[in-house]
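Those sequence lines, one after another, are chains A and B.
Quick note on our numbering: the first sequence kicks off at 617 and runs consecutively.
Quick note on our numbering: the second sequence kicks off at 20 and runs consecutively.
Read the hints as simulated data drawn from the structure, not as lab findings.
Built from N, CA and C at the ideal position, the CB exists for glycine as well.
Label-pair restraints from in silico Cβ distances:
hint: 1; chain 1: B; residue 1: Asp421; chain 2: A; residue 2: Val714; range: 32 to 38 Å
hint: 2; chain 1: B; residue 1: Arg118; chain 2: A; residue 2: Gln826; range: 22 to 28 Å
hint: 3; chain 1: A; residue 1: Thr676; chain 2: B; residue 2: Asp333; range: 27 to 33 Å
hint: 4; chain 1: B; residue 1: Ser192; chain 2: A; residue 2: Glu955; range: 35 to 41 Å
hint: 5; chain 1: B; residue 1: Thr149; chain 2: A; residue 2: Arg816; range: 39 to 45 Å
hint: 6; chain 1: A; residue 1: Asp877; chain 2: B; residue 2: Arg118; range: 21 to 27 Å
hint: 7; chain 1: B; residue 1: Glu374; chain 2: A; residue 2: Ala707; range: 46 to 52 Å
hint: 8; chain 1: B; residue 1: Leu250; chain 2: A; residue 2: Ala912; range: 51 to 57 Å
hint: 9; chain 1: B; residue 1: Trp194; chain 2: A; residue 2: Ala912; range: 44 to 50 Å
hint: 10; chain 1: A; residue 1: Ala707; chain 2: B; residue 2: Thr433; range: 32 to 38 Å
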Amino acid sequence: METAVYNSPIQGMLKAISFRRVHVFILPILILVGSGWGQDWKAAEEQLAKKIVPVTGPATFTLTVSNQPSLGGSGIGNVDDIRHGLVTQLAALGAHVVDSGQADTAVKVSLSDNLQEYVWVAEIHPSAKTGSATGGMIVMVSLPKPTTRLIQAEAGMVMHKASLWSQQDQILDVAIIERDREERPVHLLVLDTHGVAFYRLQDGAWKSEQNLPITHSQPWPRDLRGRLELQKDRLFDAYLPGVYCRSTAMPPWSIHCSEGDDSWPIGTSMFRLNAAFVSSRNYFSGALLPGVGKQASTAPFYSAAAVPGAQSTTWLFTGIDDQMHVLDGDTDRIEPTLEWGSDMASVHSGCRSGWQVLATKGGDGPTDTVRAFEFPAPGGITPDPEIQVQGRITALWSESGEAGAIAVVHFSETGGYEAFRLTLTCGR
Amino acid sequence: MKLSALLLLAAVSTGLSAHTWASTRPHYGGTLRVAVRSAHMPLDPADSSQPDSPAARSLSHLMFDTLVILDARGQPQPALATSWRAEPGNQRWQFSIRRGVTYQDGTVVGPDAVAASLRRGDPTWKVMATNDAVVIECSLPTPNLPAVLALTRYGIAKRSAGKVTGSGPFAISSWDPDKKLSLKARDDYWGGRAFLDAIEVEFGKSFRELMIMLDLGKAEVVEVPPDQLRLATVQGRRVESSAPAELMALVFRHDRSTADVDAALDEKLRRAFSLSIDRNSINNVLLQGGSVPTGALLPDWMTGYAFVFPTSSDMLQAQLLRGEVPQAPAWTLGYDASDSLEKVIGERIALNASEAGLRLQPTNSGVSDVRLVRVPLATTDGRIALSSLATRLELPVPKFSDDSAYSLYVAENTLLQSQRAIPLLYLRNVVGLSPQVRGWAEDPDGEWRLENVWIEVKKP
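Start from the sequences, fold in the hints, and give me the full structure.
What follows is the structure, encoded as structure tokens:
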């Protein structure tokens, strides 16, 4: 049977890593998401010009360009730039665009879209040449939308947000295994629903090095979670519900996976703590290994964060009862959460007390927020900086080495996922 | 912007998203109680005896898997089929079947069972089972067969002794036809257990009953008519609405007259009729903003070009066109008498037509010259949706030269050129939700994703 169509997992869209500082206190975060701003429209301009000219012939005409996004939002692209590009392409084909007055034909270009594509529609008037129900001749071009959304977060002196990776399949965790001299990642591990993938930055582009599939006999839970942890005696461990995998120590890389309810690491390399994950659900059972002081368990929870103090380390747990449980080795008390969500992670910034907790904000809307907290803080738990993302955070883990946290965002509009690294720095 | 419009805007969710977990992760457990207006819902996905509706499709997908599902962008994704390929010509397709999937009764969903189910879905197909796949031979090239197989009527079902069983995330606990359906989550579902333990659905409720059930906490999800969206919002209820997902259109019983002279006159009358209809007024006043005026058969979010088909009325032009026809026949306008919305809109259309000098007599009995119809979108795939609409509106089968947006436009424009149908409005699907309902998501075509819903437990 000849192959004409074959569906395979949508390939991850490789994207250059961009590091930009997020000035969360002073300037509003500029997030241009889901639009085509910044996209190169030259090919579309050329295609549309080639369709317009055969209709208009050598006549002079006026040209208007407007945004007509069918799915809401600010628009498809910068109309001035696209009009300029179109005029250039039309002129190259011998057409003459005039501002107004002497033209006997008007061309109206609308920049629209549908679920999958950008659609540019040119309505050519007068309608003497029609045959259309619309009263004018219609030509159009369409081009696929990117499967991921561009985030350009600018400004920021407290919370830094660096895009790491984006793809269509759900990302569960990302680990940076090598950086260049300027501390930019050049070698990544990406854990997704299929396994672990290696990517290396070469000549400015990310290239897939290797894929290590992970098999499982039981269905994944609906709200799938997973974690990567870099190790000293081997490259990494991967944790998924009911599946534990460990890599080899040296290349060529391979993994050995086993099924069972292994406990997952929920702390950092400095403050280690493991917890039993309920393999058919999306939370930890509450059993802790080795425990927090005398405490070997807490209420079932979604995530945990270590807050080191002068005398001892306090652990915070976001319970499935929507309460925050605080374990100090002796007591398990409940604290107000300031509408925390289910996910949090510890970050070692060196600022103030040295450690902060990053937490998602609770809610059910289309956007999400990650906020940094000091705990304890004078007068209670106080929120510090925050950043917003135009999607929902689906994972937030302390990074191996605890200098940052890895967050994964799901964009409902495109269905794609993006992982980024969050760090905190001092001063303004 | 008026306050009511702002409120409406605030209430209207885009409905263009697939599920996504909230920052508060989903909680397991609980029973979701759903109440709907429809009094009839066939359990068998291949049973087309009842009108299609997003609610019926949503419930069917809870019980019956399809080989393929469409994602948020309308692209086919694996479900019971893990992969597929076509031979050149796109008439013969092979779908590899996911292993280890079982029906509710524990029997395996193998290629033989899938083939038997698909034959029921479309008797014109030749469906054969192999070791781990099914092969489908269509009578015509079908390049979008994977998307076709995502339609509810191709849900994979096992039929024996008058009972129908599926492999979906929920199993049927009890079924009191046309009254109540009880579903229980399957722990062994291949796509992951649903968050809810159970779903109970009550059928045949009036709008008043639905609102009372929601207000008294006897249901967490209820259907709301689109014209009640604004009121429900103003009254402080939690409502969610889809993208425009149900076409309301006028359909002529006959094509234009074929005789040259009569055809020209007929064309003018139909144009005059279309121009006389004030869609914006119908939407703003009668539907309270619960729809989007349309001159296209497909909604803009699906095509990206719907705006090129005009929607504004032009009474002067309508009167001029009417004046060019010496004698205009009186048309009867049919509508569903049980649908109060159709009744008031039909009367308004008749009033608009009379201003243009056209005689239109609303009737709710017998055969009519023009019918007012409501047709839900069958899918998020533009070509399948247009073909399905054409079938429902008794229009010619659309032809597509390729898979471009322009090809879709040409096919749609050809249907509209026939003047057999006059698109009026695209209605939103609206639901009222209790505050405890979380993770609510709808497809753009209005289908609910109940398998991803969860119930929030109130904090003590």
